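There are 2 protein chains.
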Amino acid sequence: MANETAKEENILDELTALAENKEYRALKDRLAELNNADAAEFLESLPAKLLPVVFRTLPKAPAAEIFSYLSQTSQERLINVITAEEASKIIDELNVDDAVDALEELPANVVKKILRHTEADTRRLINQFLNYPDDSAGSIMTAEFVDLRQEMTVSQAFERIRGVGLDSETVYTCYVTDNNRRLEGVITVRRLFLSDLAAPIKDIMDTDIISVQTTVDREDVAKMISKYDFLSLPVVDQEERLVGIITVDDIVDVIREEATEDIEKMAAMLPSQRPYLQTGVLELAKNRIVWLLVLMISAMITGHVLDTFQSSFLVMPLLVTFIPMLMDTGGNAGSQSSTMIIRGMALSEIKLADAGKVLWKEIRVSLLVGFILGLVNFIRLYFTYGYGMVGLVVALSLLVTVVIAKSIGCLMPLLAQLLRFDPAIMAAPLITTMVDAISMILYFNIARVLLGL
Amino acid sequence: MANETAKEENILDELTALAENKEYRALKDRLAELNNADAAEFLESLPAKLLPVVFRTLPKAPAAEIFSYLSQTSQERLINVITAEEASKIIDELNVDDAVDALEELPANVVKKILRHTEADTRRLINQFLNYPDDSAGSIMTAEFVDLRQEMTVSQAFERIRGVGLDSETVYTCYVTDNNRRLEGVITVRRLFLSDLAAPIKDIMDTDIISVQTTVDREDVAKMISKYDFLSLPVVDQEERLVGIITVDDIVDVIREEATEDIEKMAAMLPSQRPYLQTGVLELAKNRIVWLLVLMISAMITGHVLDTFQSSFLVMPLLVTFIPMLMDTGGNAGSQSSTMIIRGMALSEIKLADAGKVLWKEIRVSLLVGFILGLVNFIRLYFTYGYGMVGLVVALSLLVTVVIAKSIGCLMPLLAQLLRFDPAIMAAPLITTMVDAISMILYFNIARVLLGL
Numbered sequence: 082m083a084n085e086t087a088k089e090e091n092i093l094d095e096l097t098a099l100a101e102n103k104e105y106r107a108l109k110d111r112l113a114e115l116n117n118a119d120a121a122e123f124l125e126s127l128p129a130k131l132l133p134v135v136f137r138t139l140p141k142a143p144a145a146e147i148f149s150y151l152s153q154t155s156q157e158r159l160i161n162v163i164t165a166e167e168a169s170k171i172i173d174e175l176n177v178d179d180a181v182d183a184l185e186e187l188p189a190n191v192v193k194k195i196l197r198h199t200e201a202d203t204r205r206l207i208n209q210f211l212n213y214p215d216d217s218a219g220s221i222m223t224a225e226f227v228d229l230r231q232e233m234t235v236s237q238a239f240e241r242i243r244g245v246g247l248d249s250e251t252v253y254t255c256y257v258t259d260n261n262r263r264l265e266g267v268i269t270v271r272r273l274f275l276s277d278l279a280a281p282i283k284d285i286m287d288t289d290i291i292s293v294q295t296t297v298d299r300e301d302v303a304k305m306i307s308k309y310d311f312l313s314l315p316v317v318d319q320e321e322r323l324v325g326i327i328t329v330d331d332i333v334d335v336i337r338e339e340a341t342e343d344i345e346k347m348a349a350m351l352p353s354q355r356p357y358l359q360t361g362v363l364e365l366a367k368n369r370i371v372w373l374l375v376l377m378i379s380a381m382i383t384g385h386v387l388d389t390f391q392s393s394f395l396v397m398p399l400l401v402t403f404i405p406m407l408m409d410t411g412g413n414a415g416s417q418s419s420t421m422i423i424r425g426m427a428l429s430e431i432k433l434a435d436a437g438k439v440l441w442k443e444i445r446v447s448l449l450v451g452f453i454l455g456l457v458n459f460i461r462l463y464f465t466y467g468y469g470m471v472g473l474v475v476a477l478s479l480l481v482t483v484v485i486a487k488s489i490g491c492l493m494p495l496l497a498q499l500l501r502f503d504p505a506i507m508a509a510p511l512i513t514t515m516v517d518a519i520s521m522i523l524y525f526n527i528a529r530v531l532l533g534l
Numbered sequence: 082m083a084n085e086t087a088k089e090e091n092i093l094d095e096l097t098a099l100a101e102n103k104e105y106r107a108l109k110d111r112l113a114e115l116n117n118a119d120a121a122e123f124l125e126s127l128p129a130k131l132l133p134v135v136f137r138t139l140p141k142a143p144a145a146e147i148f149s150y151l152s153q154t155s156q157e158r159l160i161n162v163i164t165a166e167e168a169s170k171i172i173d174e175l176n177v178d179d180a181v182d183a184l185e186e187l188p189a190n191v192v193k194k195i196l197r198h199t200e201a202d203t204r205r206l207i208n209q210f211l212n213y214p215d216d217s218a219g220s221i222m223t224a225e226f227v228d229l230r231q232e233m234t235v236s237q238a239f240e241r242i243r244g245v246g247l248d249s250e251t252v253y254t255c256y257v258t259d260n261n262r263r264l265e266g267v268i269t270v271r272r273l274f275l276s277d278l279a280a281p282i283k284d285i286m287d288t289d290i291i292s293v294q295t296t297v298d299r300e301d302v303a304k305m306i307s308k309y310d311f312l313s314l315p316v317v318d319q320e321e322r323l324v325g326i327i328t329v330d331d332i333v334d335v336i337r338e339e340a341t342e343d344i345e346k347m348a349a350m351l352p353s354q355r356p357y358l359q360t361g362v363l364e365l366a367k368n369r370i371v372w373l374l375v376l377m378i379s380a381m382i383t384g385h386v387l388d389t390f391q392s393s394f395l396v397m398p399l400l401v402t403f404i405p406m407l408m409d410t411g412g413n414a415g416s417q418s419s420t421m422i423i424r425g426m427a428l429s430e431i432k433l434a435d436a437g438k439v440l441w442k443e444i445r446v447s448l449l450v451g452f453i454l455g456l457v458n459f460i461r462l463y464f465t466y467g468y469g470m471v472g473l474v475v476a477l478s479l480l481v482t483v484v485i486a487k488s489i490g491c492l493m494p495l496l497a498q499l500l501r502f503d504p505a506i507m508a509a510p511l512i513t514t515m516v517d518a519i520s521m522i523l524y525f526n527i528a529r530v531l532l533g534l
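So the protein lines, in turn, are chains X and G. Residues are numbered in my numbering as their position in the first sequence, beginning at 1, plus a constant of 81. Residues are numbered in my numbering as their position in the second sequence, beginning at 1, plus a constant of 81.
Just so you know, these hints were derived from the structure itself, not from any lab. Be aware that a few hints might be false.
If chains are identical, the list can't say which one is meant, so a pair holds when it fits in one copy or spans any two.
Said to hold, decoys possible - The calculated EDC-like cross-link candidates involving lysine to aspartate or glutamate, where the alpha carbons are at most 16 Å apart (straight line), are:
#1 141 to 248
#2 308 to 430
#3 304 to 277
#4 304 to 122
#5 308 to 122
#6 304 to 338
#7 109 to 225
#8 432 to 122
#9 103 to 435
#10 438 to 101
#11 367 to 345
#12 346 to 94
#13 308 to 338
For clarity, every value in this text was computed on a predicted model and none was experimentally measured.
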């Protein structure tokens with residue numbers, strides 16, 4: 082890959098030089114040789130002011146395709162500098178789902194101005210799509226698919242694919258509908274290839290149809306496509322009429338984005354809409370301050386707990402020095418468990434009904450892990466400093482903390498699910514804060530009893 | 082989705098009842114109606130002892146396909162109870178990549194016994210595939226694809242697809258090779274559909290070939306397929322000969338698994354090989370104890386730091402009560418930053434060269450966030466307890482801690498990348514431990530100066 086990257090960078094440098102020297106003719110020819118995804122990558126790498134100039138040199142058809150590969154930021158930048166007519170031409174060329182992606186974050190008046198110039202059909206479709214809830218199947222589907230009729234033969238089906246194939250997002254799975262656009266069957270091109278040319282579609286189509294409604298969450302769509310290894314999944318409205326399809330390449334992005342969202346939530350942040358480098362300082366700060374404040378205030382509880390044990394650590398200040406280790410280990414042990422459960426639930430590997438099994442497993446793991454950690458500490462304290470009783474207090478506190486941390490860590494995400502919250506919020510930071518207070522109470526009580534403070 | 086799930090559960094219950102009552106005939110008929118992925122899901126849900134019995138009722142062709150959808154645990158369970166001949170028949174039916182998946186975790190002698198009964202071609206291929214490094218393109222590719230020749234016409238290509246299509250993993254992208262199996266071009270079935278039947282492949286194939294070598298990491302393969310929206314990607318050996326293809330449905334799983342691996346590493350665990358509920362207590366404990374020990378021992382450093390400030394907190398025990406809040410907030414602030422950078426690097430949105438930009442952004446965010454957190458604390462301490470000077474100490478310590486935590490949080494993953502470690506290890510737990518010690522040093526020094534301790 083190292084060579085690949087170097088080669089790619091050489092091409093980028095060469096193209097940028099052409100753009101900066103205004104050799105647009107040569108640039109246009111070189112861009113035509115590139116894959117559209119690579120051309121988009123080049124446009125992204127250009128200085129902001131060169132982007133519209135270079136984009137305008139592209140011929141119409143690849144221009145729309147390349148546009149669909151650009152980041153939201155670049156798309157908006159372009160739409161803001163080109164005329165509404167130019168923008169509407171790109172929108173007309175795009176598949177509906179890509180057009181909606183490009184438009185949905187723009188101010189309503191800009192969208193209105195652009196749509197005024199698009200074709201009536203496009204406008205109607207886009208308006209319909211813009212109304213589907215965020216992250217629903219409707220919002221990520223596309224309306225360009227190949228539909229067939231039951232009474233067609235295989236060879237008529239091939240003809241139809243040739244006719245509408247150019248404008249379809251995928252031609253490889255075709256959908257058989259009746260006069261009311263109700264979905265009756267599904268057939269893959271592979272199946273068509275392996276069938277007799279004269280065979281009627283009715284006899285060879287698959288009638289065990291797996292479809293989703295427009296309102297289904299895109300995460301569930303991703304799970305279905307991944308479970309069945311589909312290239313596309315049909316989307317139907319409430320009357321079971323086929324309104325669109327979702328293709329696997331969009332799902333690849335959904336899986337990435339959903340994982341990123343979960344990871345951000347698990348690190349106590351509100352999910353961001355754009356890549357890090359394209360997110361402003363104010364927005365980053367806003368996404369982070371909420372949970373930092375909540376957690377900071379919660380951590381004050383642990384402070385109060387320590388306050389009540391002042392007399393103990395004034396008698397034996399040594400006890401204070403074990404606080405960081407106990408708190409960190411409890412936090413780490415708890416977040417290991419919560420992370421595994423949150424991820425397992427996200428992948429549908431763990432369900433609410435497994436709560437008992439999960440807890441029993443975590444208790445056994447934590448006894449084992451806690452014992453080893455406690456033992457290491459006891460040995461260190463006894464043989465290095467000769468602290469027999471203190472060593473026992475620390476070791477015992479560690480063991481109990483780890484068991485409680487892991488129990489809380491595995492149960493809280495399940496509880497969140499039960500209460501219909503997103504389990505991802507029950508991750509490391511919140512678990513750590515909860516475990517902190519509990520571990521301090523345990524620690525000082527164990528110390529009081531064993532050391533007679 | 083609620084209805085869907087209920088419906089699915091009814092079907093599962095009905096099928097399980099048939100299996101338990103040994104009505105294998107009826108069961109076989111009902112299973113035949115199901116999608117193979119659903120049939121596999123049913124087999125997974127069966128009690129362990131019923132699994133082989135029910136599996137044996139399946140006809141040969143769907144049996145292999147359903148087998149490929151089973152979890153590794155169930156696959157191994159089956160292979161252990163059926164004869165080597167039966168197993169080899171399934172292996173013969175499977176695509177090479179699925180066969181390799183089923184075999185690679187089995188003991189070598191079991192694999193040998195099974196392979197002895199498979200066809201010579203299958204055996205050779207599987208042995209070759211088993212030798213590719215873990216997580217490489219070679220280890221996830223499949224050898225079943227449609228290859229074409231330059232001099233064929235479109236209609237000859239269609240004929241070839243009809244001929245070999247049944248055994249290919251995908252027919253939708255065809256690969257054009259020369260006599261030495263060297264890759265010369267790529268053509269999609271969609272393109273074939275839109276071309277004249279008499280056109281020679283040479284004239285319409287795409288010669289701007291994007292391929293990977295067998296040794297490339299599967300994560301990079303996933304990135305390429307997702308970048309170019311490919312349905313499949315050709316894999317070549319060192320002599321640029323086509324040896325296999327990787328299809329998008331396998332990539333969907335790779336993306337999921339890589340995200341899970343990253344999430345586990347970020348929570349200080351060694352990545353697990355199997356789903357949580359199928360992982361034993363000992364293995365879970367083993368995956369977790371390593372980092373817990375490392376982090377526990379590191380946290381002792383913070384303990385030593387506190388030890389050196391004993392005289393300060395003996396004079397003013399109140400200072401101890403702010404330790405949890407300072408440590409937790411520092412940890413949370415730092416892990417927010419490290420999480421964003423680790424994820425950004427995993428998605429190739431952030432590169433080493435962006436280090437300066439990233440640091441500058443984090444410093445501004447942390448000044449903003451740290452100021453707010455400090456202010457909230459100062460107000461609370463001043464107006465609730467009347468602690469003016471102490472409030473200032475805590476607020477200032479918080480501000481400095483947050484700035485340092487976020488700087489360390491964003492730089493450590495980049496440093497790990499530079500030193501060719503996995504950035505994911507520089508996540509919350511390790512960052513927290515580093516920030517802990519630093520924040521305590523800052524806090525007590527600020528206290529000493531401002532409070533004159």
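Against the structure, the hints:
1. In this assembly of identical chains, the alpha carbons of residue 141 and residue 248 lie at most 16 Å apart only when taken from the same copy (15 Å versus 40 Å across copies).
2. Proximity of residue 308 and residue 430 under a CA criterion of 16 Å is satisfied intra-copy only: 12 Å inside one chain copy versus 28 Å between copies.
3. For a Cα distance limit of 16 Å, the shortest separation of residue 304 from residue 277 qualifies neither inside one copy, at 34 Å, nor across copies, at 39 Å.
4. In the homo-oligomer, the alpha carbons of residue 304 and residue 122 lie at most 16 Å apart only across protomers (13 Å), although the nearest pairing inside one protomer, at 29 Å, exceeds that limit.
5. Taking the shortest Cα distances, residue 308 and residue 122 sit within 16 Å of each other only across copies (10 Å), while inside one copy they are farther apart (31 Å).
6. With identical chains, the CA atoms of residue 304 and residue 338 are at most 16 Å apart both within one copy (14 Å) and between copies (13 Å).
7. With identical chains, the CA atoms of residue 109 and residue 225 are never at most 16 Å apart, being 29 Å at best within one copy and 38 Å at best between copies.
8. Within a single copy, residue 432 and residue 122 get their C-alpha atoms only as close as 41 Å, which misses the 16 Å cut-off; across copies the closest is 15 Å, which meets it.
9. In this assembly of identical chains, the alpha carbons of residue 103 and residue 435 never lie at most 16 Å apart, being 64 Å within a copy and 28 Å across copies at closest.
10. Taking the shortest Cα distances, residue 438 and residue 101 never come within 16 Å of each other, neither inside one copy (64 Å) nor across copies (24 Å).
11. For a Cα distance limit of 16 Å, the shortest separation of residue 367 from residue 345 inside one copy, 13 Å, qualifies, whereas the shortest one across copies, 27 Å, does not.
12. For the homomeric pair residue 346 and residue 94, neither the shortest alpha-carbon distance inside one copy (38 Å) nor that between copies (36 Å) is at most 16 Å.
13. Within a single copy, residue 308 and residue 338 get their C-alpha atoms only as close as 18 Å, which misses the 16 Å cut-off; across copies the closest is 14 Å, which meets it.
Of the numbered hints given earlier, the model fails hints 3, 7, 9, 10, 12; all others are met.
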